[in-house]
Every structure is written in structure tokens, then in C-alpha cells.
Amino acid sequence: MLQAGVLKIAGIIVLFAIALALPAIAPDPATTNIAVFTMMYVGLATAWNIMGGYTGYISLGHAGFFGFGSYTLGLLLAHLGVAAGYTPFLLVPVAGLATAVLALGIGWFALRTRAATFVIVTIAFMFMLQLLAENLVGLTGGGGGLGFPVPPWSGDYFNTPYYYAMLALATLALGISWRIRRSKFGLGLLAIRDDEDKALAVGVPTRAFKLTAFVVSAALVGMIGAVYGYYVTYIYPQFVVDPLIGISMVLMVFLGGLGTLSGPVLGALILEPAQLWLAYNYGASRLYLVLYAAVFLAVILVLPRGIVPSLTVLIERRRMRTPPAAPAPQQAVMP
Amino acid sequence: MTLVLEAAVLGVLTGGVYALMASGLTLIFGVMRIINVGHGALVVLGAYLSFAASRSLGMDPFVTLVITMPVMFVLGLVLQSVFIRPLKTDREALSVLVTYALALGIEGLLGYFFTANYVQLKAWYDTASFPIGDFRVTYVYVFGFLLCLAILGVMFLVLYHTTFGASIRATMLNRTAAQLIGIDVDRVSAVAFGIGMATAAAGGVVFGITTAFNPGSHYDLISRLLTIIVLGGLGSLRGAIVAALIMLVSEDITAVVISPVWASFVFFVILVLVLLFRPQGLYGVRVRERI
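Chains as they are written, first to last, in the numbering used here: chain A, 1 to 335; chain B, 1001 to 1291.
Honestly, the hints are just simulated from the structure, not real lab data.
Heads up, a few of these hints could be off.
[Unchecked claim] Example chain B residues on the side facing chain A (calculated, C-beta under 10 Å, incomplete):
1) 1005
2) 1112
3) 1229
[Claimed, not checked] Label-pair restraints from in silico Cβ distances:
4) B:1164 / A:16: 56 to 62 Å
5) A:13 / B:1174: 35 to 41 Å
6) B:1277 / A:33: 46 to 52 Å
7) B:1277 / A:203: 27 to 33 Å
8) A:109 / B:1112: 52 to 58 Å
9) B:1260 / A:83: 36 to 42 Å
10) A:109 / B:1122: 39 to 45 Å
11) A:33 / B:1179: 48 to 54 Å
12) B:1165 / A:201: 35 to 41 Å
13) A:301 / B:1136: 30 to 36 Å
14) B:1277 / A:104: 19 to 25 Å
15) A:109 / B:1133: 53 to 59 Å
[Stated by the list, open to error] Take a look, some chain B residues computed to stay more than 12 Å from chain A by CB distance:
16) 1035
17) 1261
18) 1267
Note that CB positions come from ideal geometry on N, CA and C, so glycine has one too.
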């Protein structure tokens, strides 16, 4: 068992080292561009999983928080007159904080409902945020969009700071997710997923726990949205409050394994490059959406439980089938 | 005042159309316990089918329903048995994803065949109007309202006065019990999905005559339809109809009293109020549901 643990830690260190060194290994801008988006989705899927995976409350509206974080940073930069460069990254936590406050409000309403109604309510709130971004022209620029200051970095280097910002946020999300999974709070969340009424009956403060998970998950998504806005330098309502971004993170979690720690990472590492490849090769025609939908359906219908849980079951079964080493010599006694 | 009255009349007329679309959605939820996030895309698909039929065959948009409704019904049977029936575990969550994927696929296919340009169904009554008191009402709204009323009437007749309708209602009440007394719930589910799609086709025609649409129009539609069925109470047909009327009348009145850009916002305001005072919706039963 100990050996497996050491192996696991070594594996994580190697993976993290590769992630850290990636811009040096593959400095080509086309590759680092893919790396930025992939790392972004590693963070998004992990953050979404904290709510959706642990508590079982499926939010399809996280794109709303993503866009809100984006807009918050953009407006902060514009009103404070912050110059392009590294300083905007320091304001990302402010966007996260603002998103947390918003999520507290939305969660307070949305979490009065359960299951199917909750799903619908999150979708509705997402469209409400999109409409607000569209209609509050004086604040957000409405459909005309909002520009970010563009950093003066060269084309070869441009993606690198964003990559590390996304990596930092993904690591933060993973750290929080891991910490929660091993805490009493995390146990409470899993209890809510399994049976909310029983959890409440045994004294889990379900409402406070759900709301906390929702806020943490949304704040992380908001911060990632903020970096994204700065990266793409120009945003408009339908572009950042994009239902497709919201559903992509959910799909990645389902592909990797709902409620697992490594599942969302795996899902993002597989799906986002695939998605970008599809967009690059078929993006011009609308066939891109059809292919994406086909991948989507295949994932759900073939692997409804996700890769990590399916693999775990497979390994467990293998272990059960191979008899342990000790009892084997008994056969020798037989004549 | 006349403006407000006019808006209210228009709200009732368009409310009838939304009532039809939303009742298909709530019927699907009631029978199968799935949220069909693709319902908006199905309405848009219906509108495009009618568009293609009326353009190539020179038919009146309403007459194309003779073709599109059966086509959509059969397509519904197929989609349900291929994509939704295989879901065994975690149905409620997975079905959201599957129907979302269907919506994306339909959007992509429509974009491929019809491009992303906006189109609108044409008919002699799309802008022609007649006077009522101080204002004029466009014919299409009245025709659309009557059509939807007729289809809703047929739906209620089937549901409440046929044996098959009884088995649909039984499945809505208690799926397991319905199965136990020998109802083929898979068949009922497929037919319910087919009915939902056929009503989406009918709603799509009226939507397509009154609004310019493109393959991406389904997002706006689905957010409205979902809000309506939450207000009405998930799975309640009566609720969907009442909620559609409330929503559309308030929306149209807001458009004239405040501003058209804030009209859709009313949906969300009403939704928040519902969540505050009656999370189960107008006609919903407070069930202990679990994902």
C-alpha cells in the first residue's frame, strides 16, 4: 500500500514538473495556445467538480460566473487605468472575490431547489447575467463588448504568462478540491450527494455546506474567467457567458469521473485538445458542432460513469480474481 | 392604457404558443423525469423543416405541419430509443447532457444546411392585421393561438379520455407502479417524446412566422421554456399553460411600459419570486427528489 502511495506522489511530481516546464519544452505559440486553454479547462472542470461532483448538484450555469469574473477584471482595469503587463494578474483574486459575493446571492436562491429544478435555475441565472451584460450598456459596453489592455509581449512569449496564471489557478483548484475531499466538510458534501435528507438528519448542516461548495466553486471559475478575458483581450456578453463553456466543463468531469479528484483533470486533458482540434479543422463549417455533439454523446452513452471510476472497478475486479500469493502453496499439500 | 391593453392581448396570444411548446417539455419531464434541454432546438428544427417545405413545395407554413408533425413525431421515437432509453444510472443528470448534445448536433446540422443567416417563414397573414377597438392585431398571432389551442385540446383529450392517455398519466404519477401493473413505460416514454417533438414542430411554425430565427435561436427559447415549466411546476400541464400566459403577458407589458430590452428580464424576476415563495412552482407537488 505504501509503495502505491509513493508511486502516486512521484507520478504527481513528474506530471507537475512537465506542466511547469511545458513552455520551455514546446515554445511554439500554436502549442502554448492549446496549453493555455487546456490548463484553463483543467481548472474549470476541477472547480465545477467541487460543487457538481461532491454534492451532486448539477450546475449548468457556471459560464455565468466565468463571464462575470471576466467582466469584473475588465472593468477594474478600465476604471483603475491599469496598464497592460503583469499587474492585471494581481487583480484576478479581486474578480474571484466579486464572483464569490455574486455566487453567495445566486446560491442562496438557487439552493432552495433540488435536482432538476436546480439545474434549470442555474441555466436561468446564467442567461440573466448574459442579459444584464447586454443591457447595462453604460457599465459593460453592452453588445459592443469590452476591451482589455493588450500587453506589449512578443508573439513567442505572449502565451507564457497566461499559461502560468492558468496553471496556478488549476493547481489552486486541485489543492482546494483535495483538501475538501479529505475533510469533514467534504464528507458532509458526499453525504448530501448520497442522501440529503439523511445527511440533514444526522446533523450535517446541509444548507451551509452546499452554499459554501457553490461559492468556492464559482469563485475559482470567476478567477479563471478573469485570466481568460485578459488573454483574449476583447469580450462581449455571448462570448464569455457562453453556454458551451459551461457545458464543456461538465462534460469533462463526466468523462473523467464525477466526484473524483483526478477525473476532471483527465477529462480536460483529453477533451480540450480534441475540441480545439475539431474547431481548428472543422471550425469554418458548422460541422464542428455536430462532431462535438457526437463525441459528447459517445462519452455519455459508452462511459456513463467516467474513466476513473470505470478503471477503478476494473482494477478491483482484477485484484479479486487473482488470488493473493499466500494461500497458493496449499495446493502442494494435495496429493 | 391602450398600449398596455394591446400588449396584454398580444401576450395572451403568444402565451398560447409558448403554452404549447412548454407543455411538450413538461410532458416529457413528467413521463420520463428528464429535462429536455434540447427542446428549444427541436422548436427551431420544426421551424426550419416548415421553412424548407414551404419554400420547396410552395406550401402555406401552417399546412406544412401535415408533413412536419408526423416527421418530428417519428424522429422523437427514434431519438428517445437511441439516446435516452440506454441511460440507466444517474438518468436525470445524464439526460440533461444528452439532450444538450442533441441540441448542439441539431444546431450544427441546421447551420450546415441552412447557414447561420436569419430566416423567417412567409405567409400573407404574417404582417396583415385587423382592428380590435383602438388597436390592430396581426392575423398570425390569432391563427397561431387558435392552432395551439386546438393542439392542446387534442392533447388533453388523448391524455384524459383514452386508455393510452391513462397509461401516460399513470407513468407520470409513478413510473415503478405503472410498470408493475403492466404498462410498457418504455413505449409510453417514446410516444411522450414523440408528442413533445410534434408539439415543438407546431410551436416552431408560429415562432418562425413571428420571429426571424437562425440555428442558434434555441438558447433564447430554451431559457424561456425552462423558466415557464419551473414556474408552472415541473411535470404539470396545467401549470405550464398558466405559467406561459403569466410570463408572456408580463413580458409584453414590460416591453411597452419599461423597455423592450428589459422584457426578457421579467422572466428571471418572476423566477426569483417563485423560488422565494413557492419553490415547487404554481401547480407542483413538493417532492423529495434526488439526482
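Original post:
Which earlier hints turn out false for this structure, listed by number in ascending order?
Top reply: Hint check: 1, 5, 8, 13, 15, 16, 17, 18 fail, others pass.
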